[in-house]
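Asks: These protein sequences, in sequence, are chains V and R.
Going left to right, the first sequence walks through residues 1 to 344 as the working numbering numbers them.
Going left to right, the second sequence walks through residues 1 to 344 as the working numbering numbers them.
In case anyone wonders, no lab produced these hints; they're calculated from the structure.
Treat the hints with caution; some may be incorrect.
The list cannot tell twin chains apart, which means a pair is met if one copy fits it or any two copies do.
[Claimed, not checked] Derived lysine to any residue pairs resembling SDA-like cross-links, with alpha carbons at most 20 Å apart:
| hint | residue 1 | residue 2 |
| --- | --- | --- |
| 1 | K60 | P214 |
| 2 | K146 | D284 |
| 3 | K60 | T269 |
| 4 | K306 | E295 |
| 5 | K60 | Q38 |
| 6 | K227 | D99 |
| 7 | K60 | S272 |
| 8 | K227 | P258 |
| 9 | K113 | R97 |
| 10 | K227 | G259 |
| 11 | K60 | F239 |
| 12 | K227 | P257 |
| 13 | K60 | N237 |
| 14 | K227 | L265 |
| 15 | K60 | E230 |
| 16 | K60 | R274 |
| 17 | K60 | Q215 |
| 18 | K227 | L256 |
| 19 | K60 | D238 |
| 20 | K227 | T269 |
| 21 | K87 | L315 |
| 22 | K227 | P260 |
| 23 | K60 | P234 |
| 24 | K60 | R273 |
| 25 | K190 | G172 |
| 26 | K5 | G69 |
| 27 | K113 | I93 |
| 28 | K5 | L31 |
Protein chains: 2
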Amino acid sequence: MATVKNRRILLTRRPIGEPSEADFAFSEVELQEPQPSQMLLRTLWLSLDPYMRGRMSLRKSYAPPVEVGDVMVGGTVSEVVASNLDKFAPGDIVEGRTDWQEYALSDGTGIRKVDPSLAPISTALGVLGMPGMTAYFGLLNVGQPKPGETVVVSAAAGAVGAIVGQIAKIKGCRVIGIAGAPEKCEYTVKELGFDACISHREPDLSRQLEQACPQGIDIYFENVGGKVFEAILPLLNDFARVPVCGLIAHYNDTELPPGPNQVPLFLRTILSRRMTVRGFVSSDFADQRPAFFNEMGSWVRDQEIKYREDIAEGLENAPRAFQKLFRGENFGKLLVHVAEPSAH
Amino acid sequence: MATVKNRRILLTRRPIGEPSEADFAFSEVELQEPQPSQMLLRTLWLSLDPYMRGRMSLRKSYAPPVEVGDVMVGGTVSEVVASNLDKFAPGDIVEGRTDWQEYALSDGTGIRKVDPSLAPISTALGVLGMPGMTAYFGLLNVGQPKPGETVVVSAAAGAVGAIVGQIAKIKGCRVIGIAGAPEKCEYTVKELGFDACISHREPDLSRQLEQACPQGIDIYFENVGGKVFEAILPLLNDFARVPVCGLIAHYNDTELPPGPNQVPLFLRTILSRRMTVRGFVSSDFADQRPAFFNEMGSWVRDQEIKYREDIAEGLENAPRAFQKLFRGENFGKLLVHVAEPSAH
Chain V
1 MATVKNRRIL LTRRPIGEPS EADFAFSEVE LQEPQPSQML LRTLWLSLDP YMRGRMSLRK
61 SYAPPVEVGD VMVGGTVSEV VASNLDKFAP GDIVEGRTDW QEYALSDGTG IRKVDPSLAP
121 ISTALGVLGM PGMTAYFGLL NVGQPKPGET VVVSAAAGAV GAIVGQIAKI KGCRVIGIAG
181 APEKCEYTVK ELGFDACISH REPDLSRQLE QACPQGIDIY FENVGGKVFE AILPLLNDFA
241 RVPVCGLIAH YNDTELPPGP NQVPLFLRTI LSRRMTVRGF VSSDFADQRP AFFNEMGSWV
301 RDQEIKYRED IAEGLENAPR AFQKLFRGEN FGKLLVHVAE PSAH
Chain R
1 MATVKNRRIL LTRRPIGEPS EADFAFSEVE LQEPQPSQML LRTLWLSLDP YMRGRMSLRK
61 SYAPPVEVGD VMVGGTVSEV VASNLDKFAP GDIVEGRTDW QEYALSDGTG IRKVDPSLAP
121 ISTALGVLGM PGMTAYFGLL NVGQPKPGET VVVSAAAGAV GAIVGQIAKI KGCRVIGIAG
181 APEKCEYTVK ELGFDACISH REPDLSRQLE QACPQGIDIY FENVGGKVFE AILPLLNDFA
241 RVPVCGLIAH YNDTELPPGP NQVPLFLRTI LSRRMTVRGF VSSDFADQRP AFFNEMGSWV
301 RDQEIKYRED IAEGLENAPR AFQKLFRGEN FGKLLVHVAE PSAH
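Start from the sequences and build out the full structure, keeping to the hints where you can.
Replies: Next up, the structure:
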């Protein structure tokens, strides 16, 4: 095994604005043997997610940044190649944070087994993984949907948004999506059962939103920010809830947008409508994971919740694929297919 | 009784910017006899509160505006002069919303009796009334203070802010006030027991706040908005709570402030620190009033919570006194002393 190379993708500089392929570099190192308290994992799938843009930046956030020169962080589904740990055996399929690389050594921290008989293993990075938890925890805990309420979700065809809308439908809500392309809108309505979907590229977004939400908006699940947020704000009802999950329209901002400063309008709306605006990340609700796996597992099995994947082939294509997130070019959960499991 | 005049203060036009005395007019009408389902109330105290600015405007809010030509709305403490209601008898002292006038007819809706033996009756408009409830409900429900946390409250010497800080001290928090004058700051620290208080007129407000909050801010009780809010935002901790109670710096705004637009920064802070920002008004927590009267009553009786009143003499001076709220000129709960109770 000492001759095997581990190919890894490093962060080589902090991007200013939109990340480019030049912010990353390939690096090959010799694979180390697992220590007595370690196992060796071979990456099968790498998840690409908007939060990674935050890790590339020094801006204060809920997790420390990746150091320049280090391997990019990321969630993966892997196969256990060799294990000195009692809980894991060669051939096991596992999910964890083992980063943008073909192999990883792990002491098992944060690693969970994935049952390949339940669903395709890639779903452990999507509907049955972090994005699914983000949708489930955020909508149910922060959004608190009630039957008959109107729920609007942005990035509606994305990994989180598509799940948010489907859970809201299960909970008896009227669901309006906002997406960036006609085919994404069509998908959320025809395939996922949303009541309507509006493209944020429409010049009359505000008017279309108003028409789609005759009873106003009770929950706005925020994934984007920017002008979508501005169009939503006037339509929020008394006691509306705004789970703030992502702000992809702003992740590449190099400066604040021009005025006027709309913070006073935002605060006044929060006060006069007694709204709740709350940021969250899925790890804040770790104690609810058993409920998630149980409920989401049966929804996926019964096809009450559908999902779609957007797959890039080969680790070397991860940097280019990652850029699609910020251009709205991915359609479904963005994944990199790194390798096939070995035959057993 | 048919010869008695009722002097009232009407809204004569909607103010643009800061209210002026010319937005109000005195009007005398002949006092009507109470109907069989009514009682006649004589106003003793009128409360002047920032929310009234909202009622003068057509801007969408949680309560309908006062119509031009109508009597200005307001909370009062009154004496029952005559009553055809079983529950109220002449001489009773009551609190309710009977507006800017010397007399009012009431069918008893929203009227509660005040026990003059418990505390001065004017407190039914302050520490033991709406402002006290606002502080109590907002801090406990939205702020959820825990021992050792840092609480910052703006308008710290005002009717609500002074109570918020004292409850937070009772709950074991470190309390920092923000006020507009050195004597107000001194009052909150020396009289009310705040740990520190900073004038928002200091040029280095941000630096002083940072020094006063070495552990960051866990709860910011928002009464003002504007540049105080901007100075607070960078200091808020993970999982911080921001009860939005008032925005007095903005009530007279005629346009939004110049850019840049800081909404993206605000949203990013909410997300990355998983903050909760929630607007509320005291009536949202009507079911908790018994707990309020019980607990706040004993705090006031035991002088664990102190209060201060700023009293204008005579109903005719209400419009001029009202302006003090927006100039930061009141020092304590602003009241108009309209009449003395009759001797019994």
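Asks: Checking K227 and G259: alpha-carbon separation at most 20 Å within a copy, between copies, both or neither?
Replies: For K227 and G259, the Cα distance is within 20 Å both inside one copy (13 Å) and across copies (16 Å).
Asks: With identical chains treated as interchangeable, where does the CA-CA distance between K227 and P257 reach 20 Å or less: within a copy, between copies, both, or neither?
Replies: Answer is both: 11 Å inside a copy and 18 Å across each meet the 20 Å cutoff.
Asks: I want to check one pair: K60 and P234. Are their C-alpha atoms no more than 20 Å apart within a copy, between two copies, both, or neither?
Replies: Only across copies: K60 and P234 sit 10 Å apart there, 30 Å inside one copy, limit 20 Å.
Asks: Measure nothing new, just compare the shortest in-copy and cross-copy C-alpha distances for K227 and D99 to 20 Å and report within, between, both or neither.
Replies: neither (33 Å within a copy, 42 Å between copies)
Asks: Have a look at K306 and E295 and pick one of within, between, both or neither, based on CA distance no larger than 20 Å.
Replies: within (14 Å within a copy, 52 Å between copies)
Asks: Between the shortest in-copy and the shortest cross-copy C-alpha distance, which are at most 20 Å for K60 and F239: within, between, both, or neither?
Replies: This pair counts as between: shortest inter-copy Cα distance 14 Å, intra-copy 30 Å.
Asks: Is it within, between, both or neither when you check K227 against L265 at 20 Å Cα-Cα?
Replies: both (14 Å within a copy, 14 Å between copies)
Asks: Have a look at K5 and L31 and pick one of within, between, both or neither, based on CA distance no larger than 20 Å.
Replies: Answer is within; shortest intra-copy Cα gap is 5 Å, inter-copy 96 Å.
Asks: Is it within a copy, between copies, both, or neither that the alpha carbon of K60 lies no farther than 20 Å from that of E230?
Replies: between (25 Å within a copy, 17 Å between copies)
Asks: How would you classify K146 and D284 at a CA-CA limit of 20 Å: within, between, both, or neither?
Replies: between (22 Å within a copy, 19 Å between copies)
Asks: If the cutoff is 20 Å on CA atoms, where do K60 and R273 land: within, between, both or neither? Let me know, please.
Replies: between (30 Å within a copy, 9 Å between copies)
Asks: Cα distance capped at 20 Å. Does K227 pair with L256 within a copy, between copies, both, or neither?
Replies: Result: close both inside a copy and across copies, 13 Å intra and 17 Å inter.
Hints 5, 6 and 21 from the list above are not met by this structure, while the remaining hints are.
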